[in-house]
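Which chain is which? The protein sequence lines are R and L, in order.
Going by the numbering used here, the first sequence opens with residue 91, and the numbers climb by one from there.
Going by the numbering used here, the second sequence opens with residue 174, and the numbers climb by one from there.
Source of the hints: derived by calculation from the structure; they are not laboratory data.
In this text the structure is predicted, and so the values were computed from the model without any measurement.
Each statement offered as a hint is correct.
Selected chain L positions facing chain R (in silico; Cβ < 10 Å):
| id | residue |
| --- | --- |
| 1 | Val202 |
| 2 | Thr329 |
| 3 | Gly330 |
| 4 | Gly334 |
| 5 | Asn341 |
| 6 | Ala345 |
| 7 | Asn348 |
| 8 | Val350 |
Within a straight-line C-alpha distance of at most 20 Å, the following computed SDA-like cross-link-like pairs (lysine to any residue) qualify:
| id | chain 1 | residue 1 | chain 2 | residue 2 |
| --- | --- | --- | --- | --- |
| 9 | L | Lys320 | L | Ile409 |
| 10 | L | Lys432 | L | Tyr177 |
| 11 | R | Lys211 | L | Arg328 |
| 12 | L | Lys320 | R | Arg206 |
| 13 | L | Lys201 | R | Thr181 |
| 14 | R | Lys180 | L | Lys201 |
| 15 | L | Lys201 | R | Thr188 |
| 16 | R | Lys235 | R | Thr188 |
| 17 | R | Lys103 | L | Gly258 |
| 18 | L | Lys432 | L | Ala448 |
| 19 | R | Lys235 | L | Leu325 |
| 20 | R | Lys235 | R | Asp210 |
| 21 | R | Lys235 | L | Lys201 |
| 22 | R | Lys180 | L | Pro342 |
| 23 | L | Lys320 | L | Ala241 |
| 24 | L | Lys201 | R | Gly237 |
| 25 | L | Lys201 | R | Asp186 |
| 26 | R | Lys235 | L | Ile409 |
| 27 | R | Lys235 | L | Pro405 |
| 28 | R | Lys235 | R | Asp186 |
| 29 | L | Lys201 | R | Glu185 |
| 30 | R | Lys211 | L | Thr329 |
| 31 | R | Lys180 | L | Ala343 |
| 32 | R | Lys235 | L | Asp324 |
| 33 | R | Lys235 | L | Arg328 |
| 34 | R | Lys235 | L | Thr406 |
| 35 | R | Lys235 | L | Asp204 |
| 36 | R | Lys235 | L | Phe326 |
| 37 | L | Lys432 | L | Gly181 |
| 38 | R | Lys235 | R | Ala218 |
Heads up, the beta-carbon is just placed ideally off N, CA and C, and yes, glycines get one too.
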Amino acid sequence: MILAEKIRVTFNKGTPLETVALRDVDLTVESGQFLTVIGSNGAGKSTALNVIAGTIRPDAGSIAFDDVDVTSWPTHRRARLVSRVFQDPKTGTCEDLTILENFALAQSRTRPRGLRSAIDKALRERAAERLRVLKLGLEDRLDDKIGLLSGGQRQAVSLLMATSGDTRLLLLDEHTAALDPKTADFVMTLTCDIVAALGLTTVMVTHSMAQALQYGDRTIMFHRGQIVFDVAGATRAAMGVADLLALFRHDQGEELSDDALLLG
Amino acid sequence: MSLYEFLGTVEVGLVFGLVALGAFLSFKVLDFPDLTVEGSFPLGAAVVAVLIMSFHWPPWAATLGAVAAGFLAGFVTAFLNVRFGILHILAGILVAIALYSINLRIMSGPNLPLLGAATVFTPLQGWGVPTYMLSPVLLAVVVLAVKIGLDLFLRTGIGIGMRAAGANPAMAAANGVDVGRMKLLGIGMANGLTAFAGALFAQIFGAADAYMGIGVIIIGLASVIVGMSILPTRTIVQATIACLFGALLYRFAVALALKADFLGLQASDVQLVTAVLVVLTLIGQRRRLGLAQLLGRRSS
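Here chain L stands alone, though its shape is the one from the complex (with noise of 0.2 Å):
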């Protein structure tokens, strides 16, 4: 692997951490299997597209505009369950299939590239060093700051409140928390930050499109167990150090099975060595997890 495939596999590594903590709140905090995901990653990219190419709004500016879309689009979800009672994954794949056309009719096409525009990598240019090395810096500040973020959020009145919630509702419920709005809070954090993953995706590959959503949901989940299954995680700061973790894991991963040429996989088998690899760590998971009953049983 050369120096520019192993810095772009640590910037795509990067931007799914994003999804992999949006698919830790959704799943593991509120556990609330959200498949929205699908259609908030492509949204994400869609809205910073167009802000960025039509409405010429500076990229951060766009980029912020594509986090508020993926929290409605989470927002609507929840609201979806908590409201009219939709069973959760259903809400989430009918927002889903409903934002594959909305994103269509955002971009008016399948596709919207970022020819010559700027981007929030553009100001990276001119320092003497190539942008593909400081690219991923820039990303990985960016990822720390929204897991730091995220860490302190999970500590406050209301992110206790949000986990109780996930974990414990009718205690929740109990103990004054509003367990539906923290579902309609925390779902739409975690597609803000889907839609943010999907917008730095775009800027990053200079363009959006319908399609780019295909799996991400897979792979968000995928870093999540694969880095909660290999990391401690008894905090939540090392919660989501695993999550990241992971996503970067993921992608190493991903990238050396289509490289490595005695396995002959081409790179549209990319899904199905994720579901391989998913279902392998799931399993490896349930017999740790027998094991620790087993041995917890024995020594009580």
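One chain only, chain R, in its complex shape (with noise of 0.2 Å):
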């Protein structure tokens, strides 16, 4: 469970360009929930990501995850409960290292670094197990440099490294924008089946409407450093982009302007 209370995020504070990207969000997401986030760029929805994952330290309010308050922890402790896609592939994997010397890295995670070489047979034979669902071929690949691989592919694989720990938060971030719509989708079922497979609470943030109310069991959309809806079960399973626009019009008395998330 992810709990988030009264957060305040506020960049360049001080200076002309002061701008408050969060507005005292209340947020909590349930364990086994799947959480969709949309809002145009600025509305917040990538700050609340980077708060939960420990990048950006708000000024104030306080993180919890299933009760242990966390607001104090810096993203590299955070990373014992919480795994991370990011959305550019090249962020997501280290291409200096092999397939098999990012898979050690992510089990790291939960399991203490040590000075044992980290490569041992029996990680060789997970990471290949996990590689061979894919059928891309990469179980074969395992001692290739990543950054051989084509974008998608990296992803699929930052992907299987984000829950191959004990970890049980995963954090999606805009994780198949940057993919060909083929291979985004690929990358998305393979998403929903993992989460499925694994039981973890999601939260995916995403640029397109379409895709918030496909996937995922709740969706919030942010505005202006808010959260301005918040649609779950039957009412969100009724809904389209169409009806998603007329909810945000109705309660904000404006038009959405942004058409990536109209489009997307």
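Work from the hints to combine the two standalone chains into their complex.
So, in structure tokens, the structure goes:
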């Protein structure tokens, strides 16, 4: 479970460029829930994700994972409880390391790093077994540098790495936005399969309203640093992109003017 | 080039191989341009000289003491960067400058001869073979052991974490690597290696000198760049071999350049020759990189 209370984030504080990115945001994500997050550029959705991951420290408010207060924990410490897939496949994997070494790195999230060789037979078998599911033949390329893989392949591996430890929380940061439609579909299907199989608590930020409604079981929308609506269950199941827009217009009294959100 | 000169060049090349391994760790693995080595090289020499001459430590213990001192110097540089956000290059320059004064303090003067003292090379005497032939063998064994140790370390859990911390800090942090701590450890290790080289250098030439650090960073970097642009560097094992090879090659290049009468160079031109060599290699690398990118684009 993720519990965020009264989160406030201000960028460039004390300068003429000061902007409030999150205004006292409260958010609870129940265990096992798959939450999708939408919002236009600068609405605060990515900031919210970074606050959960620990890369942005809020000015005020608190964050807890399963009743453990992690507000003061740096990113690397939170990595024991939460894993993340980045938007850019180049960020999610380390291109100078081999596929296997990337897995070793991800696995050490929940196991202490020591002075023993990071790669052993057990890891090799585990990695091969997980890669076989992709049907991309990567299980035979374990010792290849990951920089040799395509963006889509790297993103799929990144997803496997993020879900290979004992972490129960998964953060997806527009993780299909940089991929071509076919590959994006492949990675999204893989995501749903893994999340369902492991019962992970998931937060997926997306730029596409259609994707936000199609996947997961709850959708929230950020606008100007606040959550402007929060739909789940039967209400959400009956909604289309047009309904979302109508809801936004009704609540905010303004038109949404971000083409990417509408067309994506 | 006589056999004596040849072996002397090998000797110095091997010592600077340690500096090259240190530069590989800081510049290549951690992506941290560390200039502390200008101070930690003479620091290693000063510490080993004082420990041997004034404290009568056994030579190997004194050498280990020098390594520890170098580690501490690198740790301070990384700490200034990690904890206080001081630019890495500046942090290194600040520590190197401070070390200049500290080295004068340690030696109570600008230099300290190791006259008549036992060094790590003393046990090589009395085997019926001249020391100048045996000491390169001893150095080769030591340097290769360090190289293998470094290779193994970079394959451990901590080692992989360190490589990721340098190559992709955001990803490393998201996978639970404390990037700051890796810099502290890695820059400490790099300067430990450099101080090790300084300690051996002082024992070979029989004196520690406060000025012996000038240009060390460029020699280390030149070794890494020359070696890595000639030999394949797909794996860590290959990359560290390239560094050692580069250090030897660099020494021979400089020795030959100084010997070639038609060039009209003298010993004091060493730093100029080094700088020119590095610049030429960097330009060469850029060209080749550009070509590779061009070909890559065309094929994809």
